[in-house]
Amino acid sequence: MKKIWLIILLLLTTGCYDFKELNSLAIIEGIGIDYQDGEYVVTFEILNDKKLENTNVDMARKTTLVTTKDKKFVKAFEDAIKATPKDAYFYQLKLLLITEDLASHGIEDIADFLLRLHKINKSLYMVMVDNCTIPEILSLDIDNEPVLSSAILDLISKNPKLTPVNTNDSFDLMINKILKKGSDIAIPSVKILDNSISLSNIKLFHNFKYVGSLSEKETNTYFLLKDTVYDIYYEDNANTIAIYNNKVDYNYDKDILTITFKANASIKTIDEKYDLKDRNTYLELSKIYSKLIKDDILKLLEKAKENNSDFLALGNLIYNKTPKDYYEGCSFDKKIIVKVNINVNRNGLVYEVIK
Amino acid sequence: MITKRQYKFLSFILTRGLFLGTGISVMLNNSGPDTLIASILGIILGFILVTIYYQIYQKKDTLTLNILNKIILFFLIVIILNDGIFSLTTLISSFYLIKTPPLLIASFITIVIFIATQKGLNTLARVTEILLPYIILLILIKTLSFFPMIKLDNFFPIFQENTINILKSILIMAALTATPQVLLLNIPKEKLNFKEYTIGYILGSISILLLIIPIIGVFGFPLAKIYRFPEYMILKKLNLINFLEHLENIFSTSWIIDIFVLGGVCAYIFRNKIMPSKNSKYLTFIFLSIMTILAVFVNTHYPIVLFLYNYTYLILLFLTFIYLLSIILKKK
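Residue numbers (numbering that gives the first Met the number 0), protein chains in the order written: chain S, 0 to 354; chain F, 0 to 331.
Honestly, the hints are just simulated from the structure, not real lab data. One thing to keep in mind: the hints can contain errors.
What the hints assert, rightly or not - Cut-off 25 Å, straight-line C-alpha distance, at most; resulting in silico cross-link-like pairs (SDA-like, lysine to any residue):
hint : chain 1 : residue 1 : chain 2 : residue 2
1    : S       : K2        : F       : S279
2    : F       : K224      : S       : K2
3    : S       : K74       : S       : E38
Claimed, not checked - What follows is a set of in silico ranges between Cβ atoms, one per label pair, in the way DEER data are often shown:
hint : chain 1 : residue 1 : chain 2 : residue 2 : range
4    : S       : L5        : F       : I140      : 30 to 36 Å
5    : S       : L5        : F       : N248      : 23 to 29 Å
6    : F       : T252      : S       : K190      : 42 to 48 Å
7    : S       : D69       : F       : L239      : 37 to 43 Å
8    : S       : D332      : F       : F146      : 32 to 38 Å
9    : F       : K329      : S       : D111      : 32 to 38 Å
10   : S       : V73       : F       : L239      : 33 to 39 Å
11   : F       : L239      : S       : D274      : 49 to 55 Å
12   : F       : T162      : S       : A82       : 50 to 56 Å
13   : F       : T50       : S       : I6        : 45 to 51 Å
14   : S       : V73       : F       : Q54       : 55 to 61 Å
All figures in this text were calculated on a predicted structure; none of them were measured in a lab. Even for Gly, the Cβ is constructed at its ideal location relative to N, Cα and C.
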């Protein structure tokens with residue numbers, strides 16, 4: 000009798016009630032959201048599992064796109080799910096592409112919906128597309144890149160000049176940054192260049208809206224302050240150095256914000272007037288680049304103020320340290336002291352300047 | 000009679016059992032970034048409660064119950080069991096088996112609890128002993144994986160919340176960790192000294208703290224506050240050796256075990272203490288069936304969920320207090 004109960008229980012409790020075959024799933028790798036003429040345009044990039052047998056077609060495209068639009072985002076999203084040929088499966092979702100139009104309109108609606116939906120993997124990454132539409136970028140035909148969402152993510156996470164995408168940059172943690180007092184976000188963007196995908200400028204937000212973008216130089220400075228970098232190049236006429244082992248310290252005390260930046264640098268190219276065996280060369284270069292980087296940091300802070308975007312979260316620092324000093328935009332009103340100390344201490348493998 | 004070691008393990012699990020779904024989320028909504036401080040103070044308050052249980056255990060006969068004891072204990076068991084089954088059913092139907100009817104999920108939970116009751120307390124204690132290393136391993140892996148992701152900024156600023164809200168969180172922590180321990184007064188066990196009696200509670204509370212710290216430290220308070228199950232959502236951030244992802248379902252099995260053990264202890268006390276008779280097997284089955292239906296009913300009526308979400312801790316504290324009073328005033 001016990002064996003019968005055991006067999007019945009084992010048969011009934013294997014969790015097959017919700018079972019789905021893998022080939023009945025439409026695995027969605029990336030979602031794109033645009034906002035045109037008052038309507039949300041939702042695009043899904045779905046893995047294509049169809050085998051092309053007995054054809055001469057070289058099957059480079061392994062994804063299909065589904066695009067729908069509606070005045071309400073939820074309706075557009077649901078229509079896109081209905082338009083997918085199989086059961087939409089979002090647990091492999093890694094990328095959220097948005098356009099400047101949507102970002103200017105505001106992303107709070109999509110944030111609310113995506114965070115609430117249980118079937119979405121919250122660790123997706125948000126990237127903006129620059130100067131093109133989402134279907135255009137997702138339908139590019141690139142050699143060795145059959146899935147464009149993965150290609151975009153690889154571009155961001157494996158680019159040595161760009162801080163690697165880490166868990167602190169995922170969509171839900173980005174929303175947390177927006178919700179925190181005195182903190183805004185800056186997200187990477189991509190564009191089409193020569194029929195391939197390329198990195199574009201960092202896009203700035205204030206609350207849930209897009210407000211501006213950083214130039215390439217400002218982007219480099221931003222990464223110096225944001226995270227540990229490996230070999231960000233700085234040029235000054237004939238000299239080039241690469242920054243590494245950077246460390247930033249932010250402090251707020253008695254109405255003064257202090258940013259202390261320290262880094263090591265190695266020489267990549269150098270003017271022939273310098274003697275690499277002379278200690279003073281390194282001191283002089285350290286002084287030159289310390290000033291250069293300090294000026295760049297001050298310009299970056301000016302840019303933040305212009306766009307009213309506290310992407311360095313200085314306001315949040317003030318709020319955490321002294322809540323009574325905090326108000327919206329307070330970091331732009333406080334006196335900021337920037338201290339930079341670059342230590343040029345490596346010269347590569349060559350000890351002489353090649354003339 | 001269970002051994003000292005089995006008692007410590009049961010105590011550890013009972014400390015954690017009620018936290019799923021109702022503990023951390025409520026505390027975050029009340030006390031915000033001060034949740035960590037409130038948790039630590041709540042553990043201290045809970046420890047004082049457990050000390051009171053120990054004094055009662057030493058000086059009073061807690062194994063023989065009169066009618067009043069049984070009535071209060073019955074209500075306590077109903078609240079604890081309903082909370083446990085409801086939380087687990089909601090978790091499973093929200094994240095694992097979305098299309099499976101909640102009644103089916105709740106039924107299988109109670110079937111396992113019923114079978115555990117039939118096997119007796121020693122079997123339940125032995126199963127807890129066997130499963131505990133697995134739970135501890137999951138806790139250790141989780142803790143070590145989350146610590147590099149924690150940002151200290153997310154814990155500040157402190158003492159910005161209303162004192163009343165912080166006090167509420169302290170009471171919630173004390174209620175959810177310490178009140179299930181009162182059930183262990185009613186089970187036969189080897190003689191325990193103070194350290195043996197309280198160690199399970201201390202370690203169980205530390206394991207809850209090891210969950211609260213990464214939730215606030217990784218998510219930050221604004222995001223952690225908006226999630227219904229932040230303790231589950233944080234597991235989605237687990238990424239072992241940059242290779243293994245989507246481990247949340249494996250790591251959340253520890254809560255399933257916690258609630259089964261909690262349910263088993265509640266059902267044991269119902270069968271052997273509240274309704275001890277030759278028909279106790281059938282009465283236990285009926286009781287668990289009613290609890291299943293009640294949990295599913297609560298699941299489908301959100302106003303009741305909100306009421307329990309906000310006031311379970313007060314009900315538990317009140318019932319525990321009057322139960323202890325009834326034991327102390329019980330005539331020999």
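Range first: 30 to 36 Å. Now tell me if the beta carbons of L5/S and I140/F are that far apart. Holds, since L5/S and I140/F (Cβ atoms, about 32 Å apart) stay within the stated range.
Is it true that the C-beta distance of D69/S to L239/F lies inside 37 to 43 Å, as the hint says? For D69/S and L239/F the Cβ distance comes to about 40 Å; the hint holds.
Between T50/F and I6/S, does the beta-carbon spacing fit 45 to 51 Å? holds (48 Å)
Look at the Cβ atoms of D332/S and F146/F and judge whether their distance stays inside 32 to 38 Å. holds (36 Å)
Between the beta carbons of T162/F and A82/S, is the distance compatible with 50 to 56 Å? holds (53 Å)
Taking only the CA atoms, is the gap from K224/F to K2/S under or equal to 25 Å? violated (47 Å)
Could one say that the CB atoms of V73/S and L239/F fall in the range 33 to 39 Å? Given a distance of about 35 Å, which is inside 33 to 39 Å, the answer is holds.
Between K329/F and D111/S, does the beta-carbon spacing fit 32 to 38 Å? Roughly 54 Å apart at Cβ, these two residues miss the hinted range, so it is violated.
Please check whether L5/S and N248/F have a Cβ separation lying inside 23 to 29 Å. holds (25 Å)
Checking one constraint from the list: CA of K74/S to CA of E38/S, max 25 Å. Satisfied? This hinted pair holds, its Cα atoms lying about 11 Å apart.
Using the Cβ atoms, figure out if L239/F sits within 49 to 55 Å of D274/S. Holds: the Cβ-Cβ distance is about 51 Å, inside 49 to 55 Å.
Using the beta carbons of V73/S and Q54/F, state whether their distance is inside 55 to 61 Å or not. holds (57 Å)
Hints 2, 9 from the list above are not met by this structure, while the remaining hints are.
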